[in-house]
Structures are given as structure tokens and as C-alpha cells.
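Could you slot chain W onto chain C? The hints should help.
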Amino acid sequence: MLTLLEQLDKGTLWQSPGGIHPPQLKTLSNQSTIARLPLAHRFVVPVPLVGEQAVLTVAVGDQVLKGQMLTEGTGFTYLPVHAPTSGRVVAIEQHATNHPSSLPTLSCVIEADGQNAWCELIPHSLEQLSKNQILDKIKNAGIAGMGGAAFPTHVKLNPASEINLVIINGVECEPYISSDDRLMRDYSDEILKGIAVIHHLLNPQRIIIAIEDNKPEAAKAMQDAVQRSTLPAGIIRVTVIPTKYPSGGEKQLIQIITGKEVPSGHIPAQLGIVVHNVGTAYAIQEAVYQGKPLIERVVTLTGEQIGQPGNYWLPIGTTINDALQAVSFNPSAAQKVIVGGPMMGYALADLDVPILKGTNCLLAPSAHEIAPDVDEKACIRCGECAVACPALLLPQQLFWHAKAEEYDKAASFNLKDCIECGCCSYVCPSDIPLVEYYRVAKSALKIEAEEKRQAEQAKVRFEARIQRLEDEKNAREAKAKEAAAKRQSNMKSTDKDAVAAAMARIAAKKAQATSSTVSPEAPQTTVDPKKAAVNAAIERAKAKKAAKANTVSRANELDTSSAEVSVDDKQAKIAAAVARAKAKKAAQANTESTVQTPNPAETEVAGTEPTADAVDDKKARVAAAVAKAKAKKLAQAGQTDDSAVEAEPTTDAVDDKKARVAAAVAKAKAKKLAQVGQTDNTAVEAEPTTDAVDDKKARVAAAVAKAKAKKLAQVGQTDNTAVEAEPTTDAVDDKKARIAAAVAKAKAKKMVQASQIDIGEAASQPTVSVESTADIAPDAALTVTADSADLSPEQIKKAKVAAAVAKAKAKQLAKRAEQEEQ
Amino acid sequence: MTSIFIAVAVLSILALVFGVILGFASKKFKVEGNPIIDQVEALLPQTQCGQCGYPGCRPYAEAIANGDHINKCPPGGTATMEKIAELMGVEQEPLNAEAQSSVKKVAYIREDECIGCTKCIQACPVDAIIGAGKLMHTVIANDCTGCDLCVEPCPVDCIDMIPVETTLQNWDWKLNTIPVKVIHSEQEEPAC
Chain C
1 MLTLLEQLDK
11 GTLWQSPGGI
21 HPPQLKTLSN
31 QSTIARLPLA
41 HRFVVPVPLV
51 GEQAVLTVAV
61 GDQVLKGQML
71 TEGTGFTYLP
81 VHAPTSGRVV
91 AIEQHATNHP
101 SSLPTLSCVI
111 EADGQNAWCE
121 LIPHSLEQLS
131 KNQILDKIKN
141 AGIAGMGGAA
151 FPTHVKLNPA
161 SEINLVIING
171 VECEPYISSD
181 DRLMRDYSDE
191 ILKGIAVIHH
201 LLNPQRIIIA
211 IEDNKPEAAK
221 AMQDAVQRST
231 LPAGIIRVTV
241 IPTKYPSGGE
251 KQLIQIITGK
261 EVPSGHIPAQ
271 LGIVVHNVGT
281 AYAIQEAVYQ
291 GKPLIERVVT
301 LTGEQIGQPG
311 NYWLPIGTTI
321 NDALQAVSFN
331 PSAAQKVIVG
341 GPMMGYALAD
351 LDVPILKGTN
361 CLLAPSAHEI
371 APDVDEKACI
381 RCGECAVACP
391 ALLLPQQLFW
401 HAKAEEYDKA
411 ASFNLKDCIE
421 CGCCSYVCPS
431 DIPLVEYYRV
441 AKSALKIEAE
451 EKRQAEQAKV
461 RFEARIQRLE
471 DEKNAREAKA
481 KEAAAKRQSN
491 MKSTDKDAVA
501 AAMARIAAKK
511 AQATSSTVSP
521 EAPQTTVDPK
531 KAAVNAAIER
541 AKAKKAAKAN
551 TVSRANELDT
561 SSAEVSVDDK
571 QAKIAAAVAR
581 AKAKKAAQAN
591 TESTVQTPNP
601 AETEVAGTEP
611 TADAVDDKKA
621 RVAAAVAKAK
631 AKKLAQAGQT
641 DDSAVEAEPT
651 TDAVDDKKAR
661 VAAAVAKAKA
671 KKLAQVGQTD
681 NTAVEAEPTT
691 DAVDDKKARV
701 AAAVAKAKAK
711 KLAQVGQTDN
721 TAVEAEPTTD
731 AVDDKKARIA
741 AAVAKAKAKK
751 MVQASQIDIG
761 EAASQPTVSV
771 ESTADIAPDA
781 ALTVTADSAD
791 LSPEQIKKAK
801 VAAAVAKAKA
811 KQLAKRAEQE
821 EQ
Chain W
1001 MTSIFIAVAV
1011 LSILALVFGV
1021 ILGFASKKFK
1031 VEGNPIIDQV
1041 EALLPQTQCG
1051 QCGYPGCRPY
1061 AEAIANGDHI
1071 NKCPPGGTAT
1081 MEKIAELMGV
1091 EQEPLNAEAQ
1101 SSVKKVAYIR
1111 EDECIGCTKC
1121 IQACPVDAII
1131 GAGKLMHTVI
1141 ANDCTGCDLC
1151 VEPCPVDCID
1161 MIPVETTLQN
1171 WDWKLNTIPV
1181 KVIHSEQEEP
1191 AC
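Chains as they are written, first to last, in our numbering: chain C, 1 to 822; chain W, 1001 to 1192.
Among these hints, one or two may not hold up.
To be verified - These stretches of chain W come out as covered by chain C in the derived footprint (C-beta under 8 angstroms, 3 or more residues):
id, region
1, 1024-1036
2, 1066-1080
Stated by the list, open to error - Simulated DEER-style distance windows between Cβ atoms:
id, chain 1, residue 1, chain 2, residue 2, range
3, W, Ser1012, C, Lys409, 40 to 46 angstroms
4, W, Val1020, C, Lys260, 33 to 39 angstroms
5, C, Lys446, W, Val1017, 53 to 59 angstroms
6, C, Pro17, W, Asp1068, 48 to 54 angstroms
7, W, Pro1035, C, Thr12, 51 to 57 angstroms
8, C, Pro17, W, Leu1087, 35 to 41 angstroms
Derived by calculation from the structure, the hints in this document are not laboratory data. All values derive from a computational prediction rather than experimental measurement. Glycine residues also receive a C-beta, built at the ideal position from the N, C-alpha and C atoms.
This is chain C alone, in the form it adopts within the complex (with noise of 0.2 angstroms):
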């Protein structure tokens, strides 16, 4: 038993399955050497990585030299594109490209200037580089597989695992083709040169080049560059096989010249081989000794309406017309043009496309070359197809689940396995386009794969936000929770500091209401005025500041300046917010008043102050709360008051329900209306300015608008109509929906205007108020004073029935303010 070495030195061959012999046209193209054809005009060059793995490196209008790279990008299987000639990007578009789909791709399309003009190349020796560097070498210079697939080089070049045998494929099997053939016989020291770099790389055991045995002189040739090379004798051998088709199919020539079989879903590298085109070693030995990319390759163009078929070097990028047009192209009627051999080819919707990395046949037959399409007959089960079938496969088989749309079953009979050699349609007896078939059961297959794939992804995504959505209510209980604990213990350890702050305040206010009043306290009256000065001036600051918020968000929000539309549901708001900060201030006016009860106990009996103050505490909270009880009634009260001032009588309806909502809001708006509320004159002057509002901020308000608009549907649109007369809004029209929104926009922005006026009206009322209570503050403090001046000579103890009339004095100067106030 020899070892697989010695039988690959014998020259042992194996047989592989199937296969057929059609005849065979090669010498239609290979009688002459490889030529050039006049530069063409303009070049297409497809950059289809940009945008995924790429970024070009060029724009519209450089100037480009003839093997600059055209884009920049990273990853494994990344290769770079290279300009086919010097010249000017005149266009980075979608370019029809050369597929069967003839679907647009992004392409530069390149002018050339004739100049031809290289850039910058560094040629190198092989013993300068490392095999790092040669691998970037070849990376660089855009080199993919040049036998059809175009898969990237350097991966091939650069195996995990070992390799033993390397097979130079210069079998070239389809009937048509004789790139390979012609090169090898014009360039086959420079095909030894690049065997040499993959055997630099490698290091393998032994390299075959494997050629058919219809091509003598090709085979000659080679046997001749062997005994010039120096690589190492014994090592590399030529082997000639017998021609059938397809043996240059890279697991097919495996089976042939090693007898092992690639198994299904594995690559040859795994069994320690690599098969590489000749022309593939050619483009190596370009790059790395002469620094060349990858920007030409031999392409026959044959076929019986080309007037001079051979094989030319065409720049990659070319289009198929210019180099058809530059051989004499004569078409016939319904001509077809293929692209690759007439086995496995495609033919060309579109011949504006251009030649690709893996493009090494046009194939422009005439009628009689090519049997005519017939319409397929059915399967009449004769078994040809699986007698042919180089890959063992079953395809009638495949074939009745295909047609059947039953993927999955023909995905079972490993439809996958197939190389869509064209040899089951070659020999169907009923015309049957069988591979047609399988490209389409196997883009279906793939299509569901990526779809089951993204449906798996859609599901983990979907489970992640589901998760998420959890840890955040999670963190947020969590959160208020630790929040309310927060207060809680808050409020236990500053209890008593909340009682010296209220004592404090008292003070204060004690101060202020008698200063107002007249007082029989001299040292009082001095202090007083200063502290009401001091407050009315924090006051003023804060009102400021808040007229200039209120201006800017007026800016941002408003677009219109009609100030006539006044009534909706944010006045409603406004109206409590307003009667909010009434309570407040009436509240306050009733702790002022009831803090004047204990003073002159405070003053006479000293035993009774804590007490004293604990009830004041006590009861400015009490009052607090009536206020704020008072405050709803106010809400509705308030907002009348307004819609009284304003004359509108649609508020009414509105009121009620808007009220309660209102009361809900308007904690968030009361900072804003207090603000607001001392505006009036700066918000009359912002209104005309607000008109100049740009695009931006009216599509911002008009946005809010909207929501806003949503909820106003019922009342506040209707009511608008009714205040602004809008003609528009009452078009009923179905096409005028749009139109409609868009006023119903326009409207809540003057909604949203309008009830900002209204706040600037309605929050003057609590500067009134504060004088009402500043009024009414006095008079508590009289009558408070005088009587406990009436009860403080008597005993200590009756302090707390002072303090607790003064409660009910408060209560009813509250209940006055509260009055005045509206």
C-alpha cells in the first residue's frame, strides 16, 4: 500500500462521480496571446463592502492614479478596490452591477485621463518580508480567488490548521474558457513565482498543479517553468488528468487527485489542502514582487458573434459593453451574453455592468452555438440526472421538492451539497432548467435561515426590554421607597427644629404686622420695616426671575400672538395653581394673625412660650389645611372670576372637570404661576416678539400642541372655534383632516399663549392678596393683643385659653382673608 505522497508523486489519479463530456470550443479563443485592448473611457468599479466593512477613500471629483485604493476598511474577509486607471471619480452611485440580478450596487465610476499613470508601487524581494507582511501585501493588493468564487486570498493563505497538499487548479473544465490556459502557456514563470510565495507561506509536503489533458501546451509550458524554478525538487509536480467536466470544481479535482472526499459542510483546508487558480498565483507574484494590485485579469471573450475571440487582459471595471464593442461584438437578434462558461454561467440582463475579480468568460454565442430555451417537459424519472450528478446527490429528488416549494425537504436530500455544475440540466432528456431550480430553493433556504435568525434576535431583544422594563419599576420602588423612609426619619429628627424655624417665623411676621399697624412697641416699628423691606425684595428678585423664565418658555412655546383666546382647560389649572397660592397666603395670614396671640403671654408670663408655640405651630398647619381645602372651592371660584374678567362664557362647562384636574396639576404649575403672576407687562411686550418664533421651535410647540390638542378635542378645539371664529375648523372636508390638525396645532399654541396671559392676570392677584392680608394682619393683631393684654394680668394658665381664642380668630381672619382674597 503506498502512501497518499507517493501516489501524488506516481501521479496516481482517482475518479470522481458523475461528470459529463461536452464538446469542447476552447480553440475558438486560445489560438492567439493574451492581448490588450485600447483603454476604455470610463470605469465602473463596484465597492459594495462600503458601508459594512469599508469607507471610501476617494470623493467625487479626485483625481485618482491607477492602483490607488478606492476605499479603507477592516475585518478578516475585507478586501480593498482598487482604481483600474488614472483619472477622475466622476460619480459614486448605484451602478447596475455584474450579477445575475443585474441589481444596483454603490460604484465609483471612474474617467479615465489616458494617462495610464501608476502610483507609487514598491516592489519587494520575497526573503524581505515576513510572512505578515506578505499576507498584508497580498491583503492589500485586493487578491480573491481568480477561478470564480472570488473568495478572499489571505484567508486561503492563512489556515488555522496545517496543509500538506496545495493543488494549482489550471483544470478549467467549462467548454468555453482558455484564460487559464493561455496563461499559463504565455506566463508560466511568473505562475511558478507565485507558487513559490504560496509555498513560502505554506510550507506544504508537495504542490500539484493539476491541468487537463486538452491542454498540452499549457501543460508543457508548465512542465518546463517547473525545471526552471528553484523551488525544491520533488516537491512540485504537474499532473495532467483526463478531461471531463466538472473536475475543475475544487472538491471534484480534491477526489480526483487525492481520492479523499471533502464531507458535506467542511472545507478542503480541513483535510490539509488548498486548491488555488493559476491565475491566482499569477496576481500573487504581481503583488508581492512588483507591489501590484489586483486591477486586471485575463478574460476570454468568445463565442461566434465575436469578431476576434481570445483573451485579453481587461482593467476590472470595464464595462462588458466597451470590451465587447472593442472585439468587434456583433450581435444578433436576442443576442445573449453570458458571463463564465456556458455550464455554469448567467446571462446578462444588462451590458452596462463591469467586469469583476471573478469575471474570466464573455460568452457572446450565436444561435445555432446554444440550443434554443424549450419549454421543460415533465420528469419522466429516468435517472440520468443522478448518474451525472458530480456531488452524489439525488436531483430528481431535489428537484420534485424545489418545484413544490417544499424547502425544507429538499434542504433533507443536502441540496446545500450542490456546486450547480449544470451537468443534471445537460443531460435532463426532458429540458428540464434543474438548476434553476435549486437557486431558488437554495435562496429561499437562506432567506428563511436569516429570517429564523432574526427572529431569534427580535426575541432575545424583546426578553432584554422585558427585563429592563422590570429593573426599572423595580429600581424605582426601590427608590421610593428608601425615599419615604428618608422623610420619615427627617421629619422625627427635625420636629424640634421645625418648632424653632415656625418660633422664628412668628417673630418675623409678629414684626411685620405690627410695624404695619401702629404700634405702641417703639423698638418694634424700628426693625420691621427693614425685615418687610428685606421680604418684599427677595420678592421682587424671585418675581423677576420669574418674569424672564416665563418670557423665554413664552418664546419657545408661542408662534401667534392673539391674546383675545383665553378660556380652556390650562386656565382651569391656572385658576387653582392661582387659588393655591391664595390658600397659601391666606394660610400665612393665618399663622401671622394667630401668632400675635401668644406674644403677650410670651411677653408677661415666660412659663407659657413653648406651649404657646406648639399650638401656633399646630395651628398653621390646622389653617394650612383649610386653605387647602379652600383652595379647591377657589379653583372654581378663581377661574369665574377670570372668565368674568375676560368675558368668556365657555369657561363654565369646562370648569368643573377641569377643576379637579386642575387641582392635580397645579402643584407643578404653582412655581411657575407665582412667577408668572408678576409678569404681566413683560409678557404683554413678549407677545409681538414671539410672532418672529422660527421653524424649529413652532414644529417643538406644535408637537406639544398636538398632545395637547388630543385632550382639548372635546372642549377646548370647540371652544376655540367658537372665541377665534377659525373658518378653517369647521371644514368637515376628509382631505382637510391634515389641514384641520394643523390649525387644531396653531390653536392649542394660542391656547397655550393665551393661558399664559391669563396666568399674567390671574397671578396679580396674589400681589393683592398679600396686601389683604397685610391688611387684615393688623387688625388680628390688635384685636389679639388687646384681649390677651385683657387676660395676662390674671394667671398663667389662662395663656392657652388666649391662645385657643386666638385660634378661633385665626380661623375667622383666615376665613376673611380667604374672602378678601377672591
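Leaving out everything else, chain W in the frame of chain C:
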């Protein structure tokens, strides 16, 4: 008499032994959840669109396992319904809604119209929309399931559902096939 005792004893021992075996088996071979749910879920398209009336594909799978109708999934279409019918061993039912066109769509936000309200972000079941408050949002097309759920909440109607573009990667050989038929001209009478 003893034979009765023996019989009782033997049966008791047998009962004990089998009890232990069953108890062990129930622990050892315990099945978490209903496996049919996972199988049904695997068939559903995972768009999480909620058109079935359940909040996501898994809840619907659970409902199907509990005997709900199998025809409530418009994104899956008839093909999914048939697969579920086969799996569940129930009769096929016509879809209760118009099956969505087989063309996959993804959401697209017209970015200059987006106001940054984040409503679509909250609606997206697969977190395929990125953006922040008052900032422009955009859709991660690769992650979008085309469920339509973001279109409704948008206050400014700036979301479109656009069909996925056919590229070289997802091109189906069938799509561009123009049915070719040889029409014999009148001069060429078929010579039978």
C-alpha cells in the same frame, strides 16, 4: 393464612419499590414548563407586534398551547398557521386578519420631522429605536421587526414603514425571472 400475609407483604414491598422509582423519576425527569409552548414559539415570527391580542409572541404561544385559535398571527401568515396546525394536530383555519404582504418592512423615521418625544421608543418591543428626549430618534433597521407598533404613537406622524430593499445578499433568484417562452414565428411552422 400465611399465604395471605405473604401476598400482602409482597404487594406492599412492590408498592414501596414502585413508589420509590416513580418518586425518583418524577424528580429526575421533571419537565420545566410546557415544551409545546417553546415549540409553538419557535414557529412564531417573533415580531412581538401584539396583533394576536397578546403582549408578544410567547404569551400567544402559551395561549395556543391552552387551546386558543391558531389563526391570529398576521405577520406569520398562512405558512406559520399551517405549521402550528401540524404541530398542534388541529384543523387549519383561515387567518382572521388580512395576512400581511410577504414583503418585509422596517420602520423609518423622517429625522428632520422628529421632535424627540420618545413615544416610539417606548412602543418598540425590541428596543430597535434609539434617541433621547427632545433629540432626534432613529431606527436600527437591522433590529426592526416591522411590527408597526411605533407608527401609531408618533404625535407628528414622522414614521414610515418602508419595504426592505432587495440587495445582492437577499436577492431571490425567483424575483427577477422573466418567464421566457419561445414563440414560434408564423413562417416557422413546426415540422411535425
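Here is how each hint holds up against the structure:
1. 1024-1036: violated (count 0)
2. 1066-1080: violated (count 0)
3. W:Ser1012 x C:Lys409: 40 to 46 angstroms: 55 angstroms, violated
4. W:Val1020 x C:Lys260: 33 to 39 angstroms: 55 angstroms, violated
5. C:Lys446 x W:Val1017: 53 to 59 angstroms: 55 angstroms, holds
6. C:Pro17 x W:Asp1068: 48 to 54 angstroms: 52 angstroms, holds
7. W:Pro1035 x C:Thr12: 51 to 57 angstroms: 54 angstroms, holds
8. C:Pro17 x W:Leu1087: 35 to 41 angstroms: Given a distance of about 39 angstroms, which is inside 35 to 41 angstroms, the answer is holds.
In summary, the structure is inconsistent with hints 1, 2, 3, 4 from the numbered list given earlier, while agreeing with the others.
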